[in-house]
Each structure stands twice: as structure tokens, then as C-alpha cells.
Amino acid sequence: MELLKIHHEHFFSKGIRVDGRKFNEFRDLLVNIDSIETADSSIVVKIGSTTVMCGIKVTLNEDVKALESVNYSDLIDLEIALHPLDEDKGEREEINSLLVKLIKGNVLFDHKPLICEDEDGERQYLTLNIELICLNNDGNVLDAFIIAFLGAINSLKFPDYKSICDENLHPQPTSKPSRNNAEYKRLNVLKFPISITAALMSNGNVLVDPNRDEEQLATGLISIVFDVATEKIIMIEKQGGTPMDDVSLLKHISFSKSMATKFFKTMPILQSKGEAMET
Amino acid sequence: MFCVPGDRLCVADDKNLGGRGTFLKGSYIYAALAGKVNIIENKDENIFEVMPHGNFVRKIPQVGDVVTCQVEKIVSNQCKCLIKCIADSVLKQPFKAIIRKEDVRATDKDNVELYTCFRPGDIILAKIIGLSESGYLLSTASNEFGVVIARSENGVLMVPVSWTEMMCPEFKVKETRKVARIAIESDSNASTSSKQSNNNF
Amino acid sequence: MESRILLESTSVKTPFRIDGRKPHEVRSLTCRLGVFQQADGSSYVKLGNTQVLATVYGPHDTRGKSNPEKSIINCKFRLSTFSKSTRRNLHRDIRSIEISNNLTQVFDSAILTELYPHSQIDIYLEVVQSDGSDYAACINAASLAIIDAGIPIKDVVCACSAGFIDNQPITDINAVEESSNGTPILTIGMLPKDKQILSMESSGGIHLDNLNDVMDAAIEGCKSVLFIMKQTILNHIQELKD
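Chains A, B and C are the protein sequences, given in the same order. Just so you know, we're using numbering that gives the first Met the number 0 here: the first sequence kicks off at 0 and counts up by one. Just so you know, we're using numbering that gives the first Met the number 0 here: the second sequence kicks off at 0 and counts up by one. Just so you know, we're using numbering that gives the first Met the number 0 here: the third sequence kicks off at 0 and counts up by one.
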């Protein structure tokens, strides 16, 4: 650990990181959508060698019928699987609670399409079963998770509740569900969260998109989640770590904002397909 | 020649022996790893071995190995440490190990005070002498084993001054340790050759 | 719901299956080794539409109990919620535990565990898309990941499933055939070198008279799977050597 620190600090003194990046440089990002045919929406996101996967399956929800009023968060079933061998339990809890807070605590999309009425006027509810899986953890899983979530929600297409009902009664023996576009619904995404995580080092350096080694050396992490559409901050998390003065903190925030906007613009998959949704 | 696990390499007899990366079954030598087949031809015997891809052998500590460990904590009659390296190869994940009070010194075993020998954070050289419920058993009962790197209470690297003491060069404070006599060149050669011989895997 | 699983073709002798395969045809198999950096060994297997990821860690220090004679194998199998095409609630817990236990036993006997006393080897499997024969795909993926990790193993463990429909043994069952009522399914995991069967698991009723044919179909399937797995391993090591 100590040697690792000396090794890293040697590079930091020259204004560069061990993998050759600058302090404010992101790793290469790779996004692959709809690679899993059985899911209603799926995405694989790679940041450097950190690989995460998000899959969404829409199912009928019987449990919430009993509730008097059904909220946005009742219709989301979120499961987060960091790699089972990640022993660092604390980190797992932290990412878990952050994501639950972000996804369930904010109304990120319009959930009306999930509530339908059948012929008898009875309400039927659909649930989004969202599963986030970390396949390879090389640092900065949170950012990757959020990009994956946003991409998956955006590319989500699900059939009318009736066909879901039918499928429940008579499972369709086809390996690939027929994708007739006319019958599919999309969700209207209201907020577009993109997070920028940085590691705070003991000597005051701030490293954007830390890899695993840097995460371990860091005194703390700072994650800022922006809603890119309205350019507002949804969430800031800085749990301890090296103290920062307000000037540098603000500077970091405005830098992160420009970064997030740049991110958003370069990835069409994250943007809403509003026109397609109207039809 | 490349092979995959389960490939039959040769008939096993007096002349042909299986080396690392192979196993014997019936009267044949089989490959247990995927990699390149190496045949070491000696005068009266051929050793078949498989070099795994990337020339990389998975290792776990074995009895007799000389290991580098870091002291974690010290309780009344034993010192808990983590094995970090075996000879000159670094382990990906550390292994738990303990040094019992009676294995610290070769002489005067009963009057050893563990606190005067090790402190948490010290890097020590030791030899594996066995296995127990709570991990590997280590011994430093030899001149060349003991503390090699230690920091004083002020966090400064100390230099050894005698076989029981180390000194902080900045504040000239002496602390007691079971100091290792760092092996000279010929010793290290001997240890590497012994490493190769017991390194079937 | 009545669905014909075997379709009549013009020649009566060789009917075709619902996805157009011949009875003894295995779906297309793609394997890759070393897909993740973080793990000691990893692999990806795509058998038709079934996709499995496997990672191997170890041998490393045990957490909790250890065996002074040999290494402990720990297998974890996971089926992601979005892996199935039907929208049923997945009763995945019982089946997952069963598969995890079976895999542990298979690899406990295949890996040369006695070389690593007092240590543990973890094998993690994640089914990202399921289209039948999950268990067989998992055995193949785990075996490749172990080889990638450089852990000594007796043989390239390979597995294949087979079933019996309309008086006809068929190899490599897909999800449609799996879900049609009363299809007997037999999954065989074997050490191909000695033609030793490591694990055999069956569901649905197979008549004893037909068992032999079904087993032969599965073993034939194993052979074709093994051929591709061996090619993949050899290509992988040659690539690394260059």
C-alpha cells in the first residue's frame, strides 16, 4: 500500500496519473445497447475496464394493488449486484444507498404509462424490474451505473399490459418476443442524471474518474449528480476525505457540470427520443 | 507445442518424468494446464512440464517457503501477520499466518516477550513451519529471519544497530526488535535454488 | 397450448426442430477467455441465445473454515432477472442453489484440489440471457475460466444437454423445448479424455429403454462442444504467446 502510494505520488508530482491520464481526464467510454434479447431493455457500459450492465424487465405488479395510492417509487424494483467477490462491504452499501436515493428518491421519469386500466375499469400496475450488475470493478462504478441506468430507461420499450397478461397465462414459446413497434410504449424521461465522481488525494489533488488503485489510495470520494436537461444538481456526496475550500469546491462543481454536459451531448443514447414517443 | 488440460503427453516411466503443470494417471503423464509443453532433457531423464500462458504460476504458501509478511497485531502469546510475498513473487491476496511465542527465537525460548520483538506494521522475513486452524505457522528462529523494515513511533524508517535493537536515525531513539541479519549474496542464491527445487507448482 | 416441437420435413427420417436444427445439431457456440481484468480467470460462453459469464478467483486464503488436505471450491450461480423471455416471477432461489451446489461438486472432483491445501477457489457464474441448457453452458464457462486462471484441472470439463421428443433423442435443448410439457431433459458433464461422466442430471421421465439413446445424444453433443472449446483455448494461448 505504501509502495503504491509512493509510486502514484511520483506520477502526480509530474501532473499526470499512473495510467497516463491527466487529473481531469475520463477513461474511454464504451456503450452497447440491447445486447440481451430477453430483456425489455439492456445496456452494457464500459469505463476503461470497469464494466457494468443494466437490464430492465417490465412485469405485472400485484402487490401494489392493495395500496391506496401508488407512488412512483412503488413501481420500481431495484436490484444492485456489485460483483459478489467485492469484499468491501462498506463500499457496496454506500453505492447501494446512493443509487436507491437517486433512482427512487427523485422522480426521474413519468410513470403514467406504467398504470393502465383494463376493460372493467380496474387499475393494473406494471413494475420496472431494474437490475444493475457490476461485472468488473476497476473503480468509479457509480458513474457507470448511472450512465447504464439512464441509457436503459431511455431505450426501454415495453408492450401493453394486456400482452404481458397474456404472456403470463400462456408463455409464448418463442425465444425472441416479436417486436412490433406500434404496440410498444416508452417512458418519458424527466430528468437526465449524469454523475461525475472524483477521488480526493491526501495532497489535495482531485482525480476525476478514479480507477480502483486510486480509489483505494484516496482519502474520500466526491460524487456530483447533475440533471443535464435543466443543468441542476440532483445530489452531491462528499463523505469526509480531504477538506476542500469553497472556491476549489465550486470550481470542481462547475468543471464537473461542463464534463457532464459534454458527456450527454456525445452520447445520443442518453437523450430522450421525444418524437418517437408521441406516436 | 501447445496443449490443453487432459492432453496425454507421454508414457510415464523411469526416463520420462512429469514436472510442473502435469499430473500422473495410470501410466501416462497428462497436462493439467493450458500452455506450452516444455521438455527438459537431461542425461538420463526427460522432464515434461507445461508452461502456463503468460509464464505465470499460481502459488500458495507451502511449508518450507521463506515468506515476507507484515505484522498485523500482537496478542499475549502469538503475533498475527499477513503473508505478502513468497520468496520473490508477490501474492495477489495476502494469507493469514501466526508466529507463536516459542517460534520467535532459537534460544531462550521461554523468556521471549513478543512486544520486544515485533510491532504492528513491521515487515518481517520468516519461514513456514506448518499449518494450523488459524493459518500458517511461521518461525523466525534463525539469524536471517526477523524484522527487516520497521518504522519508529515517529514514523521514521529505522536502521538496525544490533540483533535486538533498531535505531531511528532522526531522533536517535532505540527500539527493541528481533532483527534479521539480511542475507548476503551467497545466501540469497541458495534460497532461490531451494525455491526452484520445491516448486512443483 | 399445443405446440409441435418437432416439425415434419419432406423426408420422414430427419424431422427438423422448431429452430430449424436437425435432432443432433448443437446450437452455435462462441467462447472467449480472459474477458475481465480484475478476476484471476474469466470467460464468456454464448450457446445459441444462452449467454453466460464466468469469473474465477483464487486460490486464496479461506474465510472461515479451511481444509488442510485440499482446496475448497465455492461456486455461486446467478440468474439475472431479465434473462428469461417469459415474464413469470422467477423461482430462482431454489434452482440457483441447486445449480451452485452441483457445480461445486463437479469442479471439486475435476480440479486438482490437493495441490492447494488450506486455500479456497471461488467460481462465479452469471447468466445474462437464458435460452435453455443453462447448467450445461455454466459448466463449459466455468471450465474455461478455470483454465484461463491457470488452475490445474484434470481435463477440459464439457457439458451438453439432451432430451427425448416424439420418439427422437435431441441434443442441446433450447428454452422452447425445455418448457414444452413433459420433455425429459438430461444434462451430462464429462471428462472427455477418459469418457468419464462427472455429473448427470435429469428432469422429466425418461424410459429406461430410451436412456441409452438420450445419453449417447448428450455425449455426442459434448464432443462437438469440446472441439470448439479446445480450439478457443489454443487460439487464446497462441495469441498471448505472439
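Some hints could be false.
As the list claims (entries may be wrong) - Calculated pairs, DSBU-like style, for lysine-lysine (alpha carbon to alpha carbon, straight line, at most 30 Å):
#1 A:K161 x A:K103
#2 A:K100 x C:K69
#3 B:K24 x C:K194
#4 A:K161 x A:K184
#5 C:K229 x A:K45
#6 B:K58 x C:K75
#7 C:K21 x C:K240
Note that these hints are calculated values from the structure, not bench results. All values derive from a computational prediction rather than experimental measurement.
The hints, checked one at a time:
1. A:K161 x A:K103: holds (26 Å)
2. A:K100 x C:K69: violated (45 Å)
3. B:K24 x C:K194: holds (14 Å)
4. A:K161 x A:K184: holds (12 Å)
5. C:K229 x A:K45: holds (29 Å)
6. B:K58 x C:K75: Status holds; Cα separation ~23 Å.
7. C:K21 x C:K240: violated (39 Å)
Hints 2, 7 from the earlier list are contradicted by this structure; the remaining hints agree with it.
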